[in-house]
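Novice: Chain by chain, the residues run as shown.
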Amino acid sequence: MHLYKTRLKCLLRNKMLVFWTMIFPIVLALFFRMAFGNLKETGFLTTIPIAIVEGNENDLFTVMDQALWNEETPMFLITKTDETSATLLLHDRTVSGVIIVSPTNSITVQFQEAGLNETIIKSFLDQYLQTTSLITTLMVESHGTLPLNLLLEQLSIQENNIEPIGFGAENPDPMLSYFYALIGMALVYGGFWGSNELIDLQANLSAKGMRVSIGPTKRLKLLLTNLSAAYTIHLLEILLFLAFLVFGLGISFGSRPLLVILLCAVGSFTGISFGAFTTLLLKRASEGTKVAVTTITGVFGGFLSGMMYANIKFWIMTNIPILTYINPVSPIADGLFSLYYFESLDRFFFNMTILLSMLVIFIGGMGLLFRRDNYESI
Amino acid sequence: MIVKINNLTKTYKSGIKALNNLSFEVRQGEIFGLLGPNGSGKTTCINCILALLKYETGSIEVFDQPMSSTNYDVKQNIGVITQNVAVFDELTVAENIDYFCSLYIKCKSLRKKYVEEAIAFVSLEDFTKFYPRKLSGGLLRRLHIACGIAHHPKLILLDEPTVAVDPQSRNKILEGIKKLNEQGATIIYTSHYMEEVEQLCDYIIILDKGQIVAEGTKEDLKSSIDLGETIEIELKEPQPALLSDILALPNVVSATFKENMLIVKSGKGKSHIPTVLKILEQHQCEYDRIFSELPTLNDVFLEITGKQLRD
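Protein chains in written order, with this note's numbering: chain A, 1 to 378; chain B, 1 to 311.
Calculated directly from the structure, the hints in this document are not laboratory data.
Backbone N, C-alpha and C define an ideal beta-carbon position, used for all residues, glycine too.
The list that follows gives simulated cross-link-like pairs (lysine-lysine, DSSO-like), each with its CA atoms no further than 27 Å apart:
| hint | chain 1 | residue 1 | chain 2 | residue 2 |
| --- | --- | --- | --- | --- |
| 1 | A | K221 | B | K154 |
| 2 | B | K106 | B | K129 |
| 3 | B | K113 | A | K5 |
| 4 | B | K129 | A | K15 |
| 5 | B | K106 | A | K9 |
| 6 | B | K134 | A | K9 |
| 7 | A | K283 | A | K15 |
| 8 | A | K9 | B | K112 |
| 9 | B | K54 | A | K283 |
| 10 | B | K17 | B | K4 |
| 11 | B | K307 | B | K258 |
| 12 | A | K221 | B | K106 |
| 13 | B | K178 | B | K4 |
| 14 | B | K209 | B | K307 |
| 15 | B | K154 | B | K108 |
| 16 | B | K54 | A | K218 |
| 17 | B | K4 | A | K218 |
Here are some of the chain A residues that sit facing chain B, going by a computed Cβ distance under 8 Å:
| hint | residue |
| --- | --- |
| 18 | K9 |
| 19 | N14 |
| 20 | D373 |
| 21 | Y375 |
| 22 | E376 |
| 23 | I378 |
Can you build the whole structure from these sequences, using the hints too?
Specialist: Here you go:
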């Protein structure tokens, strides 16, 4: 406990790291607020134009036609047409997507590009298909004995299907993507703490590490103590940052704060582990290089997750999906995005799975590289 | 035996053989000196003793137990003053000593006592709340030493502790080391400063290219070479004709000029000062100052290896 407390003291007094891991994201958030503050007023709630080609009668048209952003704004502006005209409309970019209902009632969707509109259409359809499939299965398996009204009520779908299915956001806001990616960056910046803690522990990385290594305290104990201290500080910083975003800048995270905190808690530990792992991996590199790795991963990862240009995220998801799996900012930013926009937790858990996988890889790698306690050279 | 090293060989990946079949023993209560030029293997040897470095062959025993990185009982009784200062900039003087001491001593009250003793030992009482960046180089070194000895180790390894230290702090450090030894600690002291090793150490080994080139007490080492005395005389005007007369004296090994300075080296035996001065008078050569120096460890090293300790 004494070692833990001293590490906390040591870390809290490291002004440089406190700046980069807390003050810098706050300053960026303020900057974003000033720069993008009026985005919402400039038309995010634009109705999305789509074309529907109905090969068979289907209630999808009704559902989409009656879906609303809010009391005044419908989500979709639907053009019912044939397949050729729909394709032309798509090529002209008159519509963002074409939904084709085949004579066998199977539903496909076509897009011309990747963007927020396309993501919304896709998510809406996914949720619709999932829900209808579930209802059908339950009705078939119960041989029609289940009360349909009760079933729909339990599935949070109103009888007349006029509510948007699956969208949890009461108030969609295009600015949020920027802040969610910024949080992702701040969480990856936990890598600075992780790196600092490993440098202070490893005999081949610093004189302090050498001094600590030759003491009789077990290295695993020291590692856990140091990482716990780093985690405490970083999580605290992130919670303060979230509080600042919510109460200071009025950024919304939806209606599931516990899941937001859970995501940030996992993200913080992933960030710290990332820094610790890369520090061990790049043992020969200078301290500047180690810092640069975390900085670039945070900033560039943030950029790819929509920190500077929101639509890049959707472009990446469509064209280079592998980046989603290797960019640690991505699952955090998209996890927060999904918590805000989607009622379903599928996408959130998908992102959590990616994040936890990264965490396992970083911790595993760190364990392999750290367990060595004497060296070829120092 | 406090430390026993047998046939230790360590080769770095670059191919440099840092230690070559090194063997020595350090007895309890001794100040043991490892002297050698930069790159002779002193620090490698210390790091092997501390189980920080892997080595190909040989064995190391500390307190009669095989040394390994997980031999915590042995580590508990070792204190180390590394070559580079290793303290936390974010902790005060007292907090730094307390942190490093806490790696060894869990009992809070005992640790408090030890920390206070260590602060007093290095005379940092007036600086306990200072952060390291506010300390001068000498004070910083003293803090570094306090961090290494606060837990009352029985064996202290000091790796060039006086590098880049002002003379005043250096004297304080050397006095402190003597005091630690008087209090019962066995000391292994590495340096390339022969004066320090001469002043401090009971037993000395001289390393070169990872091998022991000489060992013994300082008296043993000095008596092992032929050189007896080095006389340096500052002349008003050097006269080359002097040299042949001086070299003709029995037992004179060499006579040279270095600018205005006449340097005469002789073998063991009586001092040549009177005879050399007599020759100067014969040549009516005026002189100012005369220096006479008995052999140093540098002379020992020079005679054995043909190079200076500080090459």
